[in-house]
Amino acid sequence: GAVVSQHPSWVICKSGTSVKIECRSLDFQATTMFWYRQFPKQSLMLMATSNEGSKATYEQGVEKDKFLINHASLTLSTLTVTSAHPEDSSFYICSADTGLGTEAFFGQGTRLTVV
Amino acid sequence: AQTVTQSQPEMSVQEAETVTLSCTYDTSESDYYLFWYKQPPSRQMILVIRQEAYKQQNATENRFSVNFQKAAKSFSLKISDSQLGDAAMYFCAYTGGSQGNLIFGKGTKLSVKP
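Those protein sequences? They're chains B and Z, same order as listed. When you line the first sequence up against my numbering, it's residues 1 to 115, in that order. When you line the second sequence up against my numbering, it's residues 116 to 229, in that order.
Hints may contain errors.
Cross-link-like lysine-lysine pairs, in silico, DSBU-like; alpha carbons within 30 angstroms at most [to be verified]:
{"id": "1", "chain 1": "Z", "residue 1": "K193", "chain 2": "Z", "residue 2": "K224"}
{"id": "2", "chain 1": "Z", "residue 1": "K193", "chain 2": "B", "residue 2": "K41"}
{"id": "3", "chain 1": "B", "residue 1": "K14", "chain 2": "B", "residue 2": "K64"}
{"id": "4", "chain 1": "B", "residue 1": "K14", "chain 2": "B", "residue 2": "K41"}
{"id": "5", "chain 1": "B", "residue 1": "K20", "chain 2": "B", "residue 2": "K64"}
{"id": "6", "chain 1": "B", "residue 1": "K14", "chain 2": "B", "residue 2": "K55"}
{"id": "7", "chain 1": "Z", "residue 1": "K193", "chain 2": "Z", "residue 2": "K221"}
{"id": "8", "chain 1": "B", "residue 1": "K64", "chain 2": "Z", "residue 2": "K221"}
{"id": "9", "chain 1": "B", "residue 1": "K14", "chain 2": "Z", "residue 2": "K228"}
{"id": "10", "chain 1": "Z", "residue 1": "K188", "chain 2": "Z", "residue 2": "K224"}
{"id": "11", "chain 1": "Z", "residue 1": "K170", "chain 2": "Z", "residue 2": "K188"}
{"id": "12", "chain 1": "B", "residue 1": "K41", "chain 2": "B", "residue 2": "K20"}
{"id": "13", "chain 1": "Z", "residue 1": "K193", "chain 2": "Z", "residue 2": "K170"}
{"id": "14", "chain 1": "B", "residue 1": "K20", "chain 2": "B", "residue 2": "K55"}
{"id": "15", "chain 1": "Z", "residue 1": "K188", "chain 2": "Z", "residue 2": "K221"}
{"id": "16", "chain 1": "B", "residue 1": "K66", "chain 2": "Z", "residue 2": "K221"}
{"id": "17", "chain 1": "B", "residue 1": "K41", "chain 2": "B", "residue 2": "K66"}
{"id": "18", "chain 1": "B", "residue 1": "K66", "chain 2": "B", "residue 2": "K14"}
{"id": "19", "chain 1": "B", "residue 1": "K41", "chain 2": "Z", "residue 2": "K188"}
{"id": "20", "chain 1": "B", "residue 1": "K14", "chain 2": "Z", "residue 2": "K170"}
{"id": "21", "chain 1": "Z", "residue 1": "K193", "chain 2": "B", "residue 2": "K20"}
{"id": "22", "chain 1": "B", "residue 1": "K66", "chain 2": "B", "residue 2": "K20"}
{"id": "23", "chain 1": "B", "residue 1": "K41", "chain 2": "Z", "residue 2": "K221"}
{"id": "24", "chain 1": "Z", "residue 1": "K185", "chain 2": "Z", "residue 2": "K170"}
For the record, the hints were derived by calculation from the structure and aren't laboratory data.
Use the sequences and the hints to build the structure in full.
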């Protein structure tokens, strides 16, 4: 199946700093990528839909100025958590589909801890 | 809005036995897809099985099969000959034909006893 690589797998940052998470489709082009957030022992919640060459679409309640998404190429989408605070600590997962079917391919996820 | 409900927070099964995980969903769309994903402790999401709504035949992947009841909006997962490696969180998920993003249930934690 298609491969999606997410980096870093874990990061610890100080409160007030920004963190960038990358999501790459390694062997296919992804015009659309999705960013999810998963709190401990909870399900995945869609944060935003990332579209190549255009602005991301954010779900209700997700601050677009805090969670900056850039999808500058067909193989890379980035999520930047700006001015991170402890409540932003979570597991962030990206996914992409090939456009040929409906199977989503997930990155490995990023565990963000803000101290 | 579409919703996915998993009513079993936790399930347990004896090794080599069979277990069924429940999932119901709500949608007004006629074209959609349903999935079961496995999330082991590594938290990598792994596709277990997929079902297209327009197909009446239930999907099967080796030891994994589904019971898809479209009228009842039910989509259960049956795991046969359970193995220790099957222990994980299992998420039922839905996507509409034109959306792409997945809507997940709350998950069922499956334990496998040796």
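These are the hints, each one checked on the structure:
A hinted pair counts as satisfied when its Cα atoms are at most 30 angstroms apart, and Z:K193 with Z:K224 qualifies at roughly 14 angstroms. Taking the CA atoms of Z:K193 and B:K41, the gap is about 23 angstroms. The hint holds against a cut of 30 angstroms. Under the criterion of a C-alpha separation no larger than 30 angstroms, the hint pairing B:K14 with B:K64 is consistent with the structure, at around 21 angstroms. Restraint check for B:K14 and B:K41: satisfied, since their Cα atoms lie roughly 24 angstroms apart, inside the 30 angstroms limit.
A distance of roughly 14 angstroms separates the Cα atoms of B:K20 and B:K64; the hinted pair therefore holds under the 30 angstroms criterion. A threshold of 30 angstroms between alpha carbons decides the hint, and for B:K14 with B:K55 the separation of about 28 angstroms falls inside it, so the pair holds. Simply put, Z:K193 and Z:K221 have alpha-carbon atoms about 18 angstroms apart, close enough for the 30 angstroms limit, and the pair holds. Proximity of B:K64 to Z:K221 is assessed by CA-CA distance (about 25 angstroms); at most 30 angstroms being required, the pair is judged to hold.
Restraint check: the Cα-Cα separation between B:K14 and Z:K228 comes to about 41 angstroms, which exceeds 30 angstroms; the hinted pair is violated. Using a Cα cut-off of 30 angstroms, the hinted pair Z:K188 and Z:K224 holds, with the two alpha carbons roughly 22 angstroms apart. Our distance criterion of 30 angstroms between C-alpha atoms is met by Z:K170 and Z:K188, whose separation comes to about 14 angstroms. For a cut-off of 30 angstroms, the pair hint linking B:K41 to B:K20 stands: about 24 angstroms separates their Cα positions.
A hinted pair counts as satisfied when its Cα atoms are at most 30 angstroms apart, and Z:K193 with Z:K170 qualifies at roughly 18 angstroms. Note on B:K20 and B:K55: the hinted pairing holds, with a Cα-Cα distance of about 17 angstroms set against a maximum of 30 angstroms. Distance check on the hinted pair: Z:K188 and Z:K221 sit about 17 angstroms apart at the alpha-carbon level, within 30 angstroms; holds. Between the alpha carbons of B:K66 and Z:K221 the distance comes to roughly 26 angstroms, so the proposed pair stays at or under 30 angstroms and holds.
Only pairs whose Cα atoms come within 30 angstroms are accepted, and B:K41 paired with B:K66 is accepted, the gap being roughly 24 angstroms. Restraint check for B:K66 and B:K14: satisfied, since their Cα atoms lie roughly 16 angstroms apart, inside the 30 angstroms limit. About 26 angstroms separates the Cα atoms of B:K41 and Z:K188, which keeps this hinted pair within 30 angstroms; it holds. Taken as a hint, the B:K14 and Z:K170 pair is broken in the structure, with Cα atoms around 50 angstroms apart against an allowance of 30 angstroms.
Proximity of Z:K193 to B:K20 is assessed by CA-CA distance (about 39 angstroms); at most 30 angstroms being required, the pair is judged violated. For the suggested pair B:K66 and B:K20, the alpha carbons sit about 12 angstroms apart, so the restraint of at most 30 angstroms is met. In summary, the hint linking B:K41 to Z:K221 is supported, as the alpha carbons are separated by about 9 angstroms, within the 30 angstroms threshold. For the hint linking Z:K185 to Z:K170, the alpha-carbon distance of about 10 angstroms falls within 30 angstroms, and the restraint holds.
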